[in-house]
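Protein chains in written order, with the numbering used here: chain A, 15 to 276; chain B, 15 to 276.
Where hints are given, some of them may not hold.
The list makes no distinction among identical chains, and a pair is therefore deemed to hold if it is satisfied within one copy or across any two copies.
Derived pair list, reagent style SDA-like, types lysine to any residue, alpha-carbon separation capped at 25 angstroms [as the list claims (entries may be wrong)]:
(1) Lys58 <-> Trp227
(2) Lys247 <-> Asp236
(3) Lys181 <-> Arg107
(4) Lys21 <-> Lys223
(5) Lys58 <-> Tyr225
(6) Lys58 <-> Ile69
(7) Lys271 <-> His167
(8) Lys196 <-> Ile80
(9) Lys201 <-> Leu265
(10) Lys224 <-> Gly49
(11) Lys201 <-> Asp259
(12) Lys224 <-> Glu85
(13) Lys163 <-> Arg74
(14) Lys233 <-> Glu43
(15) Lys177 <-> Arg74
(16) Lys271 <-> Thr229
Hint data in this document are derived by calculation from the structure and do not stem from the laboratory.
Number of protein chains: 2
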Amino acid sequence: MAIAQKKEPIILITNDDDITSKGIRSLVEAVKGLGKVVVVAPDKPQSGMGHAITIGSPLRMNKLNIFGDVEAWQTSGTPVDCVKLAVDKILHRKPDICLSGINHGANHSINVIYSGTMSAAMEASIEGIPSIGFSLMDYKFDADFDASKEIVHKIVSEILRMKKVDKHLLLNVNIPAVPMKKIKGIKICKQSYAKYDEAFDERIDPQGKKYFWLTGIFKNFDKGKDTDVWALKNNYVSVVPVQFDLTNYTLKTQLEKSNLFK
Amino acid sequence: MAIAQKKEPIILITNDDDITSKGIRSLVEAVKGLGKVVVVAPDKPQSGMGHAITIGSPLRMNKLNIFGDVEAWQTSGTPVDCVKLAVDKILHRKPDICLSGINHGANHSINVIYSGTMSAAMEASIEGIPSIGFSLMDYKFDADFDASKEIVHKIVSEILRMKKVDKHLLLNVNIPAVPMKKIKGIKICKQSYAKYDEAFDERIDPQGKKYFWLTGIFKNFDKGKDTDVWALKNNYVSVVPVQFDLTNYTLKTQLEKSNLFK
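Please model the complete structure; the sequences and the hints are all you need to start from.
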């Protein structure tokens with residue numbers, strides 16, 4: 015009796031650092047054996063783009079040959095646009111999983127909200143595609159992704175092996191910038207309440223006009239051991255399950271019980 | 015015995031349609047009597063910018079005299095940048111409340127994630143400033159904001175009158191595009207799972223190259239009567255309490271109980 019062969023999964027890969035970055039190449043290499051990989055990613059850096067979409071101008075896309083036998087497209091859009099274009103114009107179907115990254119730099123705690131990497135993953139999750147964003151805590155252009163590749167391979171294989179995956183599954187994975195032997199494990203966490211205390215760096219241009227650079231000091235206000243910030247500080251890989259229903263149900267109940275807006 | 019005078023609240027106003035839009039002018043007019051209003055808003059349309067921030071280029075800002083005696087600044091940044099600049103460089107303190115809008119067009123359901131209006135409000139909430147985003151379900155440049163102004167005034171006065179306001183309070187208010195007499199009331203709701211089914215409109219430019227416009231059909235998958243989409247369809251103003259902790263605690267518990275990633 016023949017055993018039914020499970021169809022090879024289609025793995026959509028995107029990022030926000032741009033299609034030529036070392037991080038997305040490392041992600042492709044990490045999962046290449048796990049399914050049919052298709053890359054659709056921005057043609058320029060899109061860090062900090064959040065969940066931006068392009069509505070006031072049209073989009074372009076071009077097929078590239080930079081990943082050997084892996085199909086790859088660069089687009090003029092944001093990370094979220096890339097996911098939309100991939101589903102509608104390239105794959106003509108939903109992929110089995112969407113992977114975003116590996117980002118050069120952390121996307122833990124509140125940064126999930128600003129992150130183009132995580133917004134692309136969230137877009138896929140909204141569309142009903144299980145999705146994972148990966149970030150390495152190293153902003154450098156030539157960051158070392160060796161340990162990250164092992165971790166990505168492990169996490170993606172385990173998710174693909176699951177019998178039943180929630181179609182809205184969305185994980186925010188951050189990886190400490192240390193060699194594999196120093197990594198203590200993978201920890202399921204909550205998003206820490208940690209953020210940047212902004213201070214703009216004020217300068218004067220050659221025409222005598224003021225301009226401002228965004229800078230800031232990162233502060234963690236959440237002292238629990240169940241947060242992503244704690245895990246990363248202690249050399250664990252952090253995995254935060256993320257949702258796109260932003261309703262604050264606690265406040266909803268409070269407001270319903272109050273006399274407000276009657 | 016003298017009664018202690020409560021200090022006049024500082025009301026920060028921003029938007030994503032740009033500082034010259036009718037919607038932000040209507041918001042200023044609606045709350046002018048309720049405190050000291052300061053406007054800090056983008057110098058160009060920023061719809062669909064999500065939670066984008068400007069990190070790769072510097073920001074500019076200029077004082078404008080377009081709202082009579084109300085202090086107003088336009089910036090070259092995104093809605094989120096405007097909130098950060100307002101706190102650090104203009105007010106030099108946190109305002110008592112931040113209001114964003116009134117947006118020309120709906121920001122209900124999943125649109126809260128793409129919306130520059132709501133991202134500005136969320137940024138303020140992250141900073142510990144109670145915040146409300148307002149949107150009118152009318153995309154027109156010259157939309158009628160008369161009913162919206164009454165509703166905004168009512169909601170903001172009631173929040174400012176509360177004895178104790180959660181510093182992270184964040185509300186997403188959407189207003190049906192009908193005259194005041196047709197509005198049935200204000201309803202506390204949850205975010206509906208409703209979204210656009212995207213289809214890119216493919217065209218050929220004069221050079222013979224393809225380009226794509228984002229289009230889509232809006233579909234509501236959430237049939238409950240407790241959603242913002244239901245409320246708006248039935249001529250209620252919808253108020254969705256929003257949070258910035260995106261942790262999916264249900265999935266977190268499931269993953270913790272599983273053998274994944276051990």
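Going through the hints against the structure:
In this assembly of identical chains, Lys58 and Trp227 lie within 25 angstroms of each other by CA distance both inside one copy and across copies; the values are 20 angstroms within and 19 angstroms between. In this homomeric assembly, Lys247 and Asp236 come within 25 angstroms of each other (Cα to Cα) only inside a single copy, at 13 angstroms, whereas the closest approach across copies is 40 angstroms. For a Cα distance limit of 25 angstroms, the shortest separation of Lys181 from Arg107 inside one copy, 14 angstroms, qualifies, whereas the shortest one across copies, 43 angstroms, does not. Proximity of Lys21 to Lys223 under the C-alpha cut-off of 25 angstroms is found in neither arrangement, the shortest distances being 61 angstroms within a copy and 35 angstroms between copies.
In this assembly of identical chains, Lys58 and Tyr225 lie within 25 angstroms of each other by CA distance both inside one copy and across copies; the values are 24 angstroms within and 17 angstroms between. Taking the shortest alpha-carbon separations for Lys58 and Ile69, both the intra-copy value of 18 angstroms and the inter-copy value of 14 angstroms come in at or below 25 angstroms. Only between protomers do Lys271 and His167 lie at most 25 angstroms apart by alpha-carbon distance; the minimum there is 22 angstroms, versus 48 angstroms within a single protomer. In the homo-oligomer, the alpha carbons of Lys196 and Ile80 never lie at most 25 angstroms apart, since the shortest distance is 32 angstroms inside one protomer and 59 angstroms across protomers.
Taking identical chains as interchangeable, the C-alpha atoms of Lys201 and Leu265 lie at most 25 angstroms apart only when they sit on different chains, with a minimum of 14 angstroms there against 29 angstroms within one chain. When the C-alpha separation of Lys224 and Gly49 is checked against a cutoff of 25 angstroms, the pair qualifies neither within a copy, at 52 angstroms, nor between copies, at 29 angstroms. Taking CA atoms no more than 25 angstroms apart as the test, Lys201 paired with Asp259 passes in both settings, with 23 angstroms inside one copy and 18 angstroms between copies. Only between protomers do Lys224 and Glu85 lie at most 25 angstroms apart by alpha-carbon distance; the minimum there is 19 angstroms, versus 46 angstroms within a single protomer.
Taking the shortest alpha-carbon separations for Lys163 and Arg74, neither the intra-copy value of 30 angstroms nor the inter-copy value of 40 angstroms comes in at or below 25 angstroms. Neither within a single protomer nor between protomers do Lys233 and Glu43 lie at most 25 angstroms apart by alpha-carbon distance, with minima of 34 angstroms and 37 angstroms respectively. Taking CA atoms no more than 25 angstroms apart as the test, Lys177 paired with Arg74 passes in neither setting, with 38 angstroms inside one copy and 53 angstroms between copies. In this assembly of identical chains, the alpha carbons of Lys271 and Thr229 never lie at most 25 angstroms apart, being 41 angstroms within a copy and 40 angstroms across copies at closest.
Taken one by one, the earlier hints fail for this structure at numbers 4, 8, 10, 13, 14, 15 and 16, listed in ascending order.
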